[in-house]
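There are 2 protein chains.
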Amino acid sequence: MQQSFVRATYLIETPHEPQRAAAIMAGEQSTGTFVAVPGETDEVKARSAARIVSVRLLEIVREPSLPGATVPAGHNGDYYRCEVTLDFPYANFGPSIPNLMATVAGNLYELQEFSGLRLIDLTLPDEFVEAYPGPKFGMAGTRRLAGVYDGPIIGTIVKPSIGLTIEELGATVRGLAEAGLDFIKDDELNASPLFAPFERKVKAVMEEIERVADRTGRKTMYAFNITGDIDELRRRHDLVLEAGGTCIMVSIQSIGLAGLAALNRYSQLPIHGHRNQWGMMTRHPMLGMAFPAYQKLCRLAGADHLHVNALNSKFYESNASVIRSVEAIREPLLGGYEAVPVLSSGQSAVTAAETYRALGTCDLLNVAGGGIMAHPDGPAAGVRSMRQAWEAARQDVSAEDYARSHPELRRALDKFGRPQVAQAEKEG
Amino acid sequence: MQQSFVRATYLIETPHEPQRAAAIMAGEQSTGTFVAVPGETDEVKARSAARIVSVRLLEIVREPSLPGATVPAGHNGDYYRCEVTLDFPYANFGPSIPNLMATVAGNLYELQEFSGLRLIDLTLPDEFVEAYPGPKFGMAGTRRLAGVYDGPIIGTIVKPSIGLTIEELGATVRGLAEAGLDFIKDDELNASPLFAPFERKVKAVMEEIERVADRTGRKTMYAFNITGDIDELRRRHDLVLEAGGTCIMVSIQSIGLAGLAALNRYSQLPIHGHRNQWGMMTRHPMLGMAFPAYQKLCRLAGADHLHVNALNSKFYESNASVIRSVEAIREPLLGGYEAVPVLSSGQSAVTAAETYRALGTCDLLNVAGGGIMAHPDGPAAGVRSMRQAWEAARQDVSAEDYARSHPELRRALDKFGRPQVAQAEKEG
Numbered sequence: 035m036q037q038s039f040v041r042a043t044y045l046i047e048t049p050h051e052p053q054r055a056a057a058i059m060a061g062e063q064s065t066g067t068f069v070a071v072p073g074e075t076d077e078v079k080a081r082s083a084a085r086i087v088s089v090r091l092l093e094i095v096r097e098p099s100l101p102g103a104t105v106p107a108g109h110n111g112d113y114y115r116c117e118v119t120l121d122f123p124y125a126n127f128g129p130s131i132p133n134l135m136a137t138v139a140g141n142l143y144e145l146q147e148f149s150g151l152r153l154i155d156l157t158l159p160d161e162f163v164e165a166y167p168g169p170k171f172g173m174a175g176t177r178r179l180a181g182v183y184d185g186p187i188i189g190t191i192v193k194p195s196i197g198l199t200i201e202e203l204g205a206t207v208r209g210l211a212e213a214g215l216d217f218i219k220d221d222e223l224n225a226s227p228l229f230a231p232f233e234r235k236v237k238a239v240m241e242e243i244e245r246v247a248d249r250t251g252r253k254t255m256y257a258f259n260i261t262g263d264i265d266e267l268r269r270r271h272d273l274v275l276e277a278g279g280t281c282i283m284v285s286i287q288s289i290g291l292a293g294l295a296a297l298n299r300y301s302q303l304p305i306h307g308h309r310n311q312w313g314m315m316t317r318h319p320m321l322g323m324a325f326p327a328y329q330k331l332c333r334l335a336g337a338d339h340l341h342v343n344a345l346n347s348k349f350y351e352s353n354a355s356v357i358r359s360v361e362a363i364r365e366p367l368l369g370g371y372e373a374v375p376v377l378s379s380g381q382s383a384v385t386a387a388e389t390y391r392a393l394g395t396c397d398l399l400n401v402a403g404g405g406i407m408a409h410p411d412g413p414a415a416g417v418r419s420m421r422q423a424w425e426a427a428r429q430d431v432s433a434e435d436y437a438r439s440h441p442e443l444r445r446a447l448d449k450f451g452r453p454q455v456a457q458a459e460k461e462g
Numbered sequence: 035m036q037q038s039f040v041r042a043t044y045l046i047e048t049p050h051e052p053q054r055a056a057a058i059m060a061g062e063q064s065t066g067t068f069v070a071v072p073g074e075t076d077e078v079k080a081r082s083a084a085r086i087v088s089v090r091l092l093e094i095v096r097e098p099s100l101p102g103a104t105v106p107a108g109h110n111g112d113y114y115r116c117e118v119t120l121d122f123p124y125a126n127f128g129p130s131i132p133n134l135m136a137t138v139a140g141n142l143y144e145l146q147e148f149s150g151l152r153l154i155d156l157t158l159p160d161e162f163v164e165a166y167p168g169p170k171f172g173m174a175g176t177r178r179l180a181g182v183y184d185g186p187i188i189g190t191i192v193k194p195s196i197g198l199t200i201e202e203l204g205a206t207v208r209g210l211a212e213a214g215l216d217f218i219k220d221d222e223l224n225a226s227p228l229f230a231p232f233e234r235k236v237k238a239v240m241e242e243i244e245r246v247a248d249r250t251g252r253k254t255m256y257a258f259n260i261t262g263d264i265d266e267l268r269r270r271h272d273l274v275l276e277a278g279g280t281c282i283m284v285s286i287q288s289i290g291l292a293g294l295a296a297l298n299r300y301s302q303l304p305i306h307g308h309r310n311q312w313g314m315m316t317r318h319p320m321l322g323m324a325f326p327a328y329q330k331l332c333r334l335a336g337a338d339h340l341h342v343n344a345l346n347s348k349f350y351e352s353n354a355s356v357i358r359s360v361e362a363i364r365e366p367l368l369g370g371y372e373a374v375p376v377l378s379s380g381q382s383a384v385t386a387a388e389t390y391r392a393l394g395t396c397d398l399l400n401v402a403g404g405g406i407m408a409h410p411d412g413p414a415a416g417v418r419s420m421r422q423a424w425e426a427a428r429q430d431v432s433a434e435d436y437a438r439s440h441p442e443l444r445r446a447l448d449k450f451g452r453p454q455v456a457q458a459e460k461e462g
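Top line first, the protein sequences correspond to chains A and B.
If you use the working numbering, the first sequence corresponds to residues 35 to 462, in order.
If you use the working numbering, the second sequence corresponds to residues 35 to 462, in order.
Honestly, I wouldn't trust all of these hints.
Identical chains share a label here; the pair holds if one copy fits it or two copies do between them.
[What the hints assert, rightly or not] Derived lysine to aspartate or glutamate pairs resembling DMTMM-like cross-links, with alpha carbons at most 25 Å apart:
#, residue 1, residue 2
1, Lys253, Glu202
2, Lys237, Glu388
3, Lys237, Glu93
4, Lys170, Asp265
5, Lys79, Glu233
6, Lys79, Glu201
7, Lys79, Glu202
8, Lys79, Glu361
What the hints contain is simulated information worked out from the structure, not anything from laboratory work.
Please work from the sequences and hints to get the whole structure.
The structure is reproduced here in structure tokens:
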């Protein structure tokens with residue numbers, strides 16, 4: 035039988051000879067290689083040793099990116115930045131995300147031979163498909179439940195992020211549903227506050243959503259933040275399902291990839307995956323993990339929707355990086371695992387044209403806070419202005435031209451068109 | 035009723051006026067403050083706004099630590115490093131680690147106003163005690179199960195880390211148990227490999243452990259790496275318990291704090307917490323989280339044992355940092371939550387004296403690989419040399435002096451006494 039491998043690609047920085055550094059990585063994360071371990075026989079190595087696929091020198095720098103690296107004797111001051119690709123025998127961990135992570139990440143970040151180490155991509159064997167069924171809804175299922183068959187799904191976040199009583203929340207949701215939003219979400223700060231516990235929140239929100247749906251025939255998708263301990267996830271999922279809700283949201287880093295996978299095993303609703311806390315694993319360019327690797331794990335574990343920030347957001351991330359993230363999510367994984375990129379932060383009618391030009395697709399969820407709520411003619415006009423902006427972009431008409439016959443877009447461009455204004459707000 | 039808060043302390047770096055930067059943090063992670071949000075009433079603020087406790091300028095640097103920070107107009111090139119302490123209303127999230135994390139960490143790391151942000155400490159209100167019962171065994175319970183009532187618990191890791199068949203594993207464990215080890219653990223790479231699945235591993239290991247115990251009267255504690263998906267944790271815990279095992283091990287980052295808390299709700303065994311992958315959250319000094327904060331979360335979630343690297347290890351971490359980690363774990367949390375620091379990597383009889391001098395306690399688990407296995411007279415002599423080294427340290431006798439009447443220690447000092455030798459190996 036042919037051996038299966040997980041292929042992992044890293045960006046490393048090391049004062050050591052790159053090939054030797056790669057051998058240390060492979061050894062540390064499999065059978066141990068660079069000192070003799072009793073029992074590390076040829077059979078053990080053949081079965082379990084990680085293999086170096088390639089080591090490619092990218093550049094030489096003179097200052098270490100991270101502290102704590104020890105240099106070899108007679109070090110000339112050079113630090114080698116390389117792309118290292120390793121193959122890890124699949125049999126070492128089997129179809130298990132938790133054990134995969136202990137292998138491809140594990141202790142690597144702490145090794146003193148490295149002044150930088152970042153996991154940049156993963157290629158998984160087909161054996162993972164059976165263990166992790168992945169998203170049950172993706173774009174098609176989300177469109178069906180949200181009743182949006184054309185253009186991006188336009189969404190917003192309940193604001194203030196935290197602090198509304200049940201009564202205030204109900205009134206806010208009513209206003210948003212009446213404004214014609216396709217999608218509303220809880221903030222990641224708002225799951226089950228003591229003054230607005232989850233169960234009452236679901237009841238109040240769904241009453242408003244259903245009442246508006248009865249009138250308009252369209253049921254807004256509401257992503258309830260069910261983030262909590264493992265047993266709470268199930269209870270809260272069931273509450274949302276029983277109340278007729280159509281989406282649940284989790285902070286992926288809060289429940290862990292294992293928690294997400296557990297939720298996905300019984301979930302009957304699209305899972306809106308928020309990536310808060312992810313910044314600590316990715317913001318330093320020579321440490322942690324890059325999004326192309328992370329998003330595969332999230333999709334494998336069952337995220338139907340996945341946040342990627344947005345163009346011109348309030349976050350540190352460059353537009354180029356956001357575009358790469360969306361492209362990564364849109365690339366099929368093991369033949370499927372379709373997930374919806376969620377663009378959120380600093381969004382308004384102004385951002386549609388550039389976003390569509392960069393991405394070439396409307397298969398996404400575009401979430402705006404101030405860009406909808408702060409529209410001079412109110413949230414309904416805000417929603418319309420967003421749709422108009424996307425229509426213009428898709429017809430390759432400039433927003434300015436389209437605005438001549440679309441007053442809501444005109445007003446949005448006037449209000450949000452100045453640089454930076456769209457960024458000065460908080461989005462969940 | 036008096037309002038409860040979680041107090042969080044951060045190290046930040048920002049090109050903005052520090053007080054304003056702190057206000058942005060507080061706003062982003064609670065009700066939003068620096069732009070008006072409709073509905074952010076005085077009542078909402080009183081209920082839910084985070085409060086700035088203090089902002090203390092530490093130093094001014096001229097280069098940003100992390101990329102992506104935007105500078106204010108007319109920026110003079112200074113970046114302010116400050117300690118910022120914030121109070122978050124407990125009512126916003128309640129007794130929930132997952133929702134606590136979305137609040138105290140959340141989106142903070144990605145904000146463009148910061149070129150560095152690190153969570154350095156957390157103070158939790160008593161309300162968490164009821165929700166999270168914490169470690170069931172700690173030091174006292176572990177000593178009882180391991181039968182070690184004096185001195186540190188001396189342990190080792192099965193090597194090679196991964197690749198042994200069931201038969202090879204059985205023979206290895208037999209040798210280690212016969213060598214008189216108090217504690218043996220799986221490597222974090224080794225949970226349920228396809229060629230040695232968990233169920234068979236437990237059976238083979240426990241047969242050997244029990245057979246040696248029948249002869250010697252002492253049952254070695256074996257930490258079975260049960261890391262896996264959430265449902266697997268329970269199944270594997272039950273298998274170990276039924277087989278008469280006395281410890282389970284998890285990769286905390288692999289199962290998440292929520293996974294750990296779920297495990298702890300039904301676990302009847304000490305939970306050995308391995309912190310692999312943690313490096314990516316902590317290695318950059320201006321990003322992520324510091325161990326004093328992290329270890330509180332791990333203990334709260336139920337870790338009985340917690341890895342801290344070790345003095346003179348193969349890892350990047352300084353000895354001073356390791357000492358701080360042990361001290362942090364030994365400090366009572368909410369009146370209890372006793373956990374055992376696990377010192378592992380580069381350990382041998384040589385490291386005992388310095389470790390005891392620095393820590394002043396034997397209430398720890400000292401794990402050595404090569405320091406035991408590579409002893410010139412075999413593992414049993416290796417174990418004895420470790421115990422002798424700790425005895426000498428506790429009696430304030432130099433290892434050299436003590437070695438005159440303790441040949442195993444003599445041989446260990448000769449072999450491992452040269453600098454760096456003890457570091458050139460892999461420890462789990």
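Comparing the hints with the structure gives:
1. Lys253 / Glu202: So Lys253 and Glu202 pass the 25 Å test inside one copy only (20 Å; across, 61 Å).
2. Lys237 / Glu388: neither (39 Å within a copy, 61 Å between copies)
3. Lys237 / Glu93: For Lys237 and Glu93, the Cα distance exceeds 25 Å both inside one copy (57 Å) and across copies (50 Å).
4. Lys170 / Asp265: both (21 Å within a copy, 20 Å between copies)
5. Lys79 / Glu233: Between copies only: 23 Å across chains, 54 Å inside a chain, cut-off 25 Å.
6. Lys79 / Glu201: between (64 Å within a copy, 16 Å between copies)
7. Lys79 / Glu202: Cα proximity of Lys79 and Glu202: across copies only (14 Å, versus 63 Å in one copy).
8. Lys79 / Glu361: neither (37 Å within a copy, 39 Å between copies)
Hint violations for this structure: numbers 2, 3 and 8, all remaining hints satisfied.
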